[in-house]
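Visitor: As a plain string of letters, each chain reads:
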Amino acid sequence: MANDLFNSFMTGPDENGRFGDFGGRFVSETLMPLILELEAQYEHAKTDQSFWDEMNFLWTHYVGRPSPLYHAERLSEHLGGAKVYMKRDELNHTGAHKINNVLGQIILARRMGKTRIIAETGAGQHGVATATVCAKFGLKCVVYMGAHDVERQAPNVFRMRLLGAEVVPVTSGRGTLKDAMNDALRDWVTNVHDTFYCIGTVAGPHPYPAMVRDFQAIIGKETKEQMMAAEGRLPDTIIAAIGGGSNAMGLFYPFLDDKDVSIIGVEAGGKGVNAKMEHCASLTGGRPGVLHGNRTYLLQDDDGQILEGFSISAGLDYPGIGPEHSWLHEIGRAKYVAITDAEALEAFKLCCEMEGIIPALEPSHALAHVMKIAPELPKDHIICMNMCGRGDKDIFTVAKALGVEMNLGA
Amino acid sequence: MTRIDAKFADLASRGQKAFVTYVMAGDPDYDTSLEIVRGLPAAGVDVIELGVPFTDPMADGATIQLAGQRALEGGMTLQRTLDLARAFRESDDTTPIVLMGYYNPIYSRGVDRFLQDAKAAGIDGLIVVDLPPEEDAELCIPAQKAGLNFIRLATPTTDDKRLPKVLQNTSGFVYYVSITGITGAANAVATDVGPEVARIKSQTDLPIIVGFGIKTPEGAADIARVADGAVVGSAIVEKIAKGQSPADVLSFVKSLADGAHSA
Ligand SMILES: Cc1ncc(COP(=O)(O)O)c(C=O)c1O
Chain B
1 MANDLFNSFM TGPDENGRFG DFGGRFVSET LMPLILELEA QYEHAKTDQS
51 FWDEMNFLWT HYVGRPSPLY HAERLSEHLG GAKVYMKRDE LNHTGAHKIN
101 NVLGQIILAR RMGKTRIIAE TGAGQHGVAT ATVCAKFGLK CVVYMGAHDV
151 ERQAPNVFRM RLLGAEVVPV TSGRGTLKDA MNDALRDWVT NVHDTFYCIG
201 TVAGPHPYPA MVRDFQAIIG KETKEQMMAA EGRLPDTIIA AIGGGSNAMG
251 LFYPFLDDKD VSIIGVEAGG KGVNAKMEHC ASLTGGRPGV LHGNRTYLLQ
301 DDDGQILEGF SISAGLDYPG IGPEHSWLHE IGRAKYVAIT DAEALEAFKL
351 CCEMEGIIPA LEPSHALAHV MKIAPELPKD HIICMNMCGR GDKDIFTVAK
401 ALGVEMNLGA
Chain P
1 MTRIDAKFAD LASRGQKAFV TYVMAGDPDY DTSLEIVRGL PAAGVDVIEL
51 GVPFTDPMAD GATIQLAGQR ALEGGMTLQR TLDLARAFRE SDDTTPIVLM
101 GYYNPIYSRG VDRFLQDAKA AGIDGLIVVD LPPEEDAELC IPAQKAGLNF
151 IRLATPTTDD KRLPKVLQNT SGFVYYVSIT GITGAANAVA TDVGPEVARI
201 KSQTDLPIIV GFGIKTPEGA ADIARVADGA VVGSAIVEKI AKGQSPADVL
251 SFVKSLADGA HSA
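Chains as they are written, first to last, in this note's numbering: chain B, 1 to 410; chain P, 1 to 263.
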């Protein structure tokens with residue numbers, strides 16, 4: 001490991017969009033010129049100060065950044081071990097980290113002269129963020145959402161419609177996030193001239209995984225500064241939930257070369273990572289394959305057919321994972337674990353009761369892992385988990401899981 | 001020389017345009033599908049594109065998505081698709097078969113093993129929608145080495161600057177996608193397609209076959225007139241979806257073939 005000092009984990013992807021063997025540009029020829037154009041425009045914007053000035057202004061005045069870094073005192077005490085911090089990205093406008101990325105992509109879309117924005121959404125948070133920013137800039141917005149998710153995330157569907165977006169329920173396949181992504185790609189091949197595809201996570205063909213990561217990296221950058229201010233040092237462990245992996249990549253990326261910081265990604269274990277595949281843990285229970293423009297770990301059968309995942313959390317219900325995570329997993333820089341629905345629900349309840357924070361079901365998975373490891377760790381061990389979304393959207397799902405009947409008075 | 005090269009040489013010597021069909025392997029079930037595929041050459045089909053079912057066909061419209069689902073529900077796999085091709089080859093050693101699908105089932109099987117098995121099953125060429133020239137090292141180069149044609153899609157978004165890259169490792173024929181969009185959607189318009197075919201022809205000697213959005217004998221004739229041939233897929237798959245007998249499906253195919261061959 002002598003050349004560890006000289007090796008950076010932050011240089012990916014290479015010019016072919018690869019993180020090791022993962023990533024790439026597995027798209028149809030119709031889309032290829034579009035993603036090359038996007039890559040060129042992004043490369044240009046990335047080094048253009050006026051692009052970042054606009055981002056920073058909106059992050060401050062529209063989103064409400066920086067989000068606080070919060071010491072969860074009662075929870076830490078209750079767990080009786082490590083000192084637990086939460087990066088409060090659930091306090092962002094629209095209630096999740098998703099808007100960090102959406103702002104970047106939409107500013108880019110405007111620079112490229114695109115007038116119509118399409119997006120896929122699972123939990124609806126990315127859809128709401130996209131609809132929000134489109135409303136702000138007067139852009140037409142079409143959101144593809146699996147019919148099954150339209151049902152279980154009804155409040156977000158209504159929010160998107162209030163914001164002027166067209167929500168298209170997707171019935172192809174089995175009507176979840178992966179099918180929504182398929183239909184968004186079908187829309188994009190059809191409307192190549194005026195349309196910008198705003199992907200909600202660190203997946204898709206190059207340059208999306210790198211671009212979305214760069215926009216979300218504000219989470220990790222702020223965390224570093226805030227932790228230095230609060231503790232005078234970096235955290236020992238950082239933890240985030242993983243659907244496609246954008247909030248996690250955003251937190252992890254600025255820490256990749258801080259080799260003393262251990263990094264843990266939490267996948268959705270659903271009913272348990274078993275042979276029945278009733279989970280969404282691509283790294284824990286899948287193998288490498290090619291879907292949605294990149295090579296990554298996927299849930300698939302022996303024939304290479306993609307399997308539907310299962311999770312109580314619509315935002316984690318995706319059979320793949322961003323390619324950079326697959327790479328971090330294989331080289332061992334980050335560790336990936338799975339948390340079941342039941343464990344996430346316990347964490348959800350505890351967070352409400354101990355901290356007065358109603359978390360989204362997605363970060364409840366990260367918190368559940370914190371609950372598992374914190375008690376065994378010394379008091380001076382600092383854990384920072386990404387509280388990447390608030391739970392307003394999930395109260396119906398949670399009520400159902402807890403067997404509570406909600407009468408909406410209608 | 002592959003069966004594809006031989007077929008196009010033969011068509012050229014007779015001054016005839018090619019008629020190409022797409023059907024999904026195993027739709028609605030293995031036996032019916034094999035019966036239809038076996039009948040295609042007699043119905044006038046010059047090249048058979050055999051769809052490999054995949055759960056996430058991103059470039060396909062509802063018709064072909066549903067065909068893939070029917071096939072998968074009936075237990076169809078890449079292996080069974082190769083079995084079907086092999087069964088077809090028992091009675092036909094000249095009609096080219098091109099597998100058309102997506103990369104993951106092939107990648108999952110392993111590229112080397114797949115190429116060996118495909119060659120042994122009598123497959124002549126591959127169209128893999130989600131492998132652009134940028135990913136040639138994955139399958140295109142190994143396939144050419146194994147003696148299979150790798151047929152590339154050129155599209156309305158492939159501009160003159162990019163075209164050489166698309167043509168570089170293409171063999172057999174070039175598949176021009178007539179529209180920006182998915183299969184089974186908009187109609188191909190001969191007056192738009194003609195100049196595009198000419199544009200591609202100025203950079204290659206390979207035959208240019210046009211597909212996407214061709215649904216009728218007249219449409220096939222119009223497109224074949226401005227290209228080296230026409231592909232019909234969704235319109236045939238729709239008949240299969242409606243439960244038409246193989247004989248009825250094949251008589252529709254014959255009407256399309258007559259259209260294309262009249263050009
Ligand atoms: C609050 C929240 N967290 C996490 C996710 C999962 O996405 P990612 O892994 O890209 O952060 C979602 C997706 O909808 C979400 O809404």
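No wet-lab data here; the hints were simulated from the structure. Please note: incorrect hints may appear among the correct ones.
[To be verified] Below, in silico cross-link-like pairs of lysine to any residue (SDA-like), each with a Cα-Cα straight-line distance of 20 Å or less: (1) Lys165(P) / Lys372(B); (2) Lys165(P) / Lys276(B); (3) Lys276(B) / Lys161(P); (4) Lys215(P) / Lys372(B); (5) Lys161(P) / Thr284(B); (6) Lys165(P) / Thr284(B); (7) Lys161(P) / Leu34(B); (8) Lys165(P) / Asn16(B); (9) Lys276(B) / Leu72(P); (10) Lys161(P) / Ala40(B); (11) Lys161(P) / Lys372(B); (12) Lys145(P) / Lys161(P); (13) Lys119(P) / Lys379(B); (14) Lys372(B) / Met228(B); (15) Lys161(P) / Asp301(B).
Predicted, not measured: the structure shown is a model, and the values here were computed from it.
Visitor: Each hint should be assessed against the structure and marked as holding or not.
Guide: Quick rundown of the hints versus the structure:
no., hint, in the structure
1, Lys165(P) / Lys372(B), "violated, 53 Å"
2, Lys165(P) / Lys276(B), "violated, 44 Å"
3, Lys276(B) / Lys161(P), "violated, 49 Å"
4, Lys215(P) / Lys372(B), "violated, 60 Å"
5, Lys161(P) / Thr284(B), "violated, 43 Å"
6, Lys165(P) / Thr284(B), "violated, 38 Å"
7, Lys161(P) / Leu34(B), "holds, 14 Å"
8, Lys165(P) / Asn16(B), "holds, 15 Å"
9, Lys276(B) / Leu72(P), "holds, 18 Å"
10, Lys161(P) / Ala40(B), "holds, 16 Å"
11, Lys161(P) / Lys372(B), "violated, 56 Å"
12, Lys145(P) / Lys161(P), "violated, 27 Å"
13, Lys119(P) / Lys379(B), "violated, 63 Å"
14, Lys372(B) / Met228(B), "violated, 26 Å"
15, Lys161(P) / Asp301(B), "violated, 40 Å"
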